[in-house]
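*Asks:* Sequence:
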Amino acid sequence: MNSLPKIAEKDFTSFYVASDSASKKAQSDYVSIIAVDLISMLIASAIATYNYQSEQSKKILYIISGTLLLLSLVLTVVLLSKKFEDIWYQGRALAESCKTLTWRFMMRSELFEDTVPLNQAKQKFIDRVQELSKEFLELNKILDTELLNKPVITQSMINVRSLSLENRKEYYIQNRIEDQKNWYATKAQFNKNRYNSWFTVIIIAQSVSLISIVYLINSPNSNWNFVGFFTTISASAISWLQLKRHQELKQAYTTASQELNLIVSLADEITGENEFSKFVLDSENAVSREHTLWLAQRRR
Numbered sequence: 001m002n003s004l005p006k007i008a009e010k011d012f013t014s015f016y017v018a019s020d021s022a023s024k025k026a027q028s029d030y031v032s033i034i035a036v037d038l039i040s041m042l043i044a045s046a047i048a049t050y051n052y053q054s055e056q057s058k059k060i061l062y063i064i065s066g067t068l069l070l071l072s073l074v075l076t077v078v079l080l081s082k083k084f085e086d087i088w089y090q091g092r093a094l095a096e097s098c099k100t101l102t103w104r105f106m107m108r109s110e111l112f113e114d115t116v117p118l119n120q121a122k123q124k125f126i127d128r129v130q131e132l133s134k135e136f137l138e139l140n141k142i143l144d145t146e147l148l149n150k151p152v153i154t155q156s157m158i159n160v161r162s163l164s165l166e167n168r169k170e171y172y173i174q175n176r177i178e179d180q181k182n183w184y185a186t187k188a189q190f191n192k193n194r195y196n197s198w199f200t201v202i203i204i205a206q207s208v209s210l211i212s213i214v215y216l217i218n219s220p221n222s223n224w225n226f227v228g229f230f231t232t233i234s235a236s237a238i239s240w241l242q243l244k245r246h247q248e249l250k251q252a253y254t255t256a257s258q259e260l261n262l263i264v265s266l267a268d269e270i271t272g273e274n275e276f277s278k279f280v281l282d283s284e285n286a287v288s289r290e291h292t293l294w295l296a297q298r299r300r
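full-length UniProt numbering numbers the first residue of the sequence shown as 1 and each following residue consecutively.
Be a bit skeptical, because a hint or two may be false.
Said to hold, decoys possible - Using 25 Å as the maximum straight-line C-alpha spacing, the simulated PhoX-like pairs for lysine-lysine come out as follows: (1) Lys169 - Lys6; (2) Lys181 - Lys10; (3) Lys82 - Lys187; (4) Lys124 - Lys134; (5) Lys82 - Lys244; (6) Lys192 - Lys10; (7) Lys24 - Lys169; (8) Lys278 - Lys169; (9) Lys122 - Lys82; (10) Lys83 - Lys25; (11) Lys25 - Lys10; (12) Lys244 - Lys25; (13) Lys10 - Lys24; (14) Lys25 - Lys169; (15) Lys25 - Lys122; (16) Lys244 - Lys181; (17) Lys134 - Lys82; (18) Lys83 - Lys134; (19) Lys150 - Lys124; (20) Lys25 - Lys250; (21) Lys181 - Lys124; (22) Lys83 - Lys192; (23) Lys192 - Lys122; (24) Lys122 - Lys150; (25) Lys124 - Lys244; (26) Lys24 - Lys278.
Note that these hints are calculated values from the structure, not bench results. Predicted model, so just to flag it, every value in this text is computed and none were measured.
Construct all of the structure, not just a fragment, from the sequences and the given hints.
*Replies:* Following this line, the structure appears as structure tokens:
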């Protein structure tokens with residue numbers, strides 16, 4: 001039994017830590033701006049539900065609506081100029097590539113096999129990370145310098161790599177495959193629940209909008225008109241679903257979890273370094289396929 005604790009992501013290569021941080025920040029900024037934009041539209045439609053009679057009330061209503069439209073315009077320009085979406089995707093791509101490379105290094109898999117001396121393995125790892133970095137030149141400009149200045153190969157990575165074959169196999173199964181499987185399963189269920197919740201919101205909003213139309217038909221002189229408000233709720237929920245892609249993510253995570261489950265069932269057949277190297281490579285390829293599918297869906 002190995003005695004090493006689970007490696008923390010902060011102990012991965014500095015390029016992973018920096019790109020992961022950049023991606024998460026860009027994602028948060030991008031999603032937050034979209035959310036504020038949608039909320040602005042909801043507020044604008046909400047204040048228009050009542051037909052105010054006084055000139056002063058209408059003037060206030062127009063000022064508020066104009067302010068919200070201006071805010072929406074500014075947010076659109078910010079999204080265009082800051083390119084949060086591109087940073088999010090590129091950062092995720094670089095981070096996942098570096099993470100896979102880190103696990104391959106620690107497990108002495110392809111490129112970093114048991115037959116390769118440690119110093120040569122280190123050099124190969126550094127060279128490969130530099131190659132990956134050159135594929136994302138625009139991203140490199142915004143990566144946190146402080147994070148990049150941390151070790152490219154950490155002591156924790158060396159400690160894991162120094163484990164015996166049996167201990168490395170156990171460590172990899174528990175801290176990579178099982179951990180990733182649980183993450184996929186949890187995220188798959190989360191996205192399934194969110195998908196169903198947002199569709200419930202859409203159905204309710206469309207139903208209430210239809211009821212509002214019936215109300216207006218029966219009371220054409222009413223000063224209340226909720227059609228636009230609930231239609232906006234429905235449209236905003238659909239836009240949010242398109243942004244978050246819960247259904248596609250649920251399917252991708254479920255598939256990846258099942259594939260890893262099949263791969264780990266072959267662990268007992270590992271008898272040497274060559275078999276283990278191939279086992280790790282197959283597992284990392286399964287994780288990479290999930291990310292490639294995620295990236296393709298995001299860019300559609």
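*Asks:* Work down the list of hints and note, for each, if the structure agrees.
*Replies:* Structure-based check of all given hints:
Between lysine 169 and lysine 6 the alpha-carbon distance is near 13 Å, which keeps this suggested pair within the 25 Å criterion. Distance hint between lysine 181 and lysine 10 is fulfilled; the C-alpha atoms sit about 21 Å from each other, no more than 25 Å. Only pairs whose Cα atoms come within 25 Å are accepted, and lysine 82 paired with lysine 187 is rejected, the gap being roughly 29 Å. Between lysine 124 and lysine 134 the CA atoms are separated by roughly 15 Å; this keeps the pair inside 25 Å, and the hint holds.
As the CA atoms of lysine 82 and lysine 244 are separated by approximately 20 Å, the hinted pair is consistent with the 25 Å bound. With a CA separation close to 30 Å, the supplied pair lysine 192 and lysine 10 exceeds the 25 Å bound. A distance of roughly 31 Å separates the Cα atoms of lysine 24 and lysine 169; the hinted pair therefore is violated under the 25 Å criterion. This hinted pair checks out: lysine 278 and lysine 169 have alpha carbons roughly 12 Å apart, not beyond 25 Å.
A hinted pair counts as satisfied when its Cα atoms are at most 25 Å apart, and lysine 122 with lysine 82 does not qualify at roughly 36 Å. Taking the CA atoms of lysine 83 and lysine 25, the gap is near 12 Å; set against the 25 Å cutoff, the hint holds. Using a Cα cut-off of 25 Å, the hinted pair lysine 25 and lysine 10 holds, with the two alpha carbons roughly 16 Å apart. Using a Cα cut-off of 25 Å, the hinted pair lysine 244 and lysine 25 holds, with the two alpha carbons roughly 16 Å apart.
Under the criterion of a C-alpha separation no larger than 25 Å, the hint pairing lysine 10 with lysine 24 is consistent with the structure, at around 14 Å. Using a Cα cut-off of 25 Å, the hinted pair lysine 25 and lysine 169 is violated, with the two alpha carbons roughly 34 Å apart. A distance of roughly 30 Å separates the Cα atoms of lysine 25 and lysine 122; the hinted pair therefore is violated under the 25 Å criterion. Between lysine 244 and lysine 181 the CA atoms are separated by roughly 21 Å; this keeps the pair inside 25 Å, and the hint holds.
Between lysine 134 and lysine 82, the direct Cα distance comes to roughly 21 Å. Compliance with the 25 Å bound is thereby established for this hinted pair. Using a Cα cut-off of 25 Å, the hinted pair lysine 83 and lysine 134 holds, with the two alpha carbons roughly 19 Å apart. About 18 Å separates the Cα atoms of lysine 150 and lysine 124, which keeps this hinted pair within 25 Å; it holds. Pair hint lysine 25 plus lysine 250 holds up; C-alpha atoms about 23 Å apart against a cutoff of 25 Å.
A threshold of 25 Å between alpha carbons decides the hint, and for lysine 181 with lysine 124 the separation of about 29 Å lies outside it, so the pair is violated. At roughly 29 Å between alpha-carbon atoms, lysine 83 and lysine 192 are farther apart than 25 Å, so this suggested pair is violated. Distance hint between lysine 192 and lysine 122 is unfulfilled; the C-alpha atoms sit about 42 Å from each other, more than 25 Å. Taking the CA atoms of lysine 122 and lysine 150, the gap is near 15 Å; set against the 25 Å cutoff, the hint holds.
Distance restraint check for lysine 124 and lysine 244: the Cα-Cα separation of roughly 37 Å exceeds the 25 Å cut-off, and the hinted pair is therefore not satisfied. For the hint linking lysine 24 to lysine 278, the alpha-carbon distance of about 31 Å lies beyond 25 Å, and the restraint is violated.
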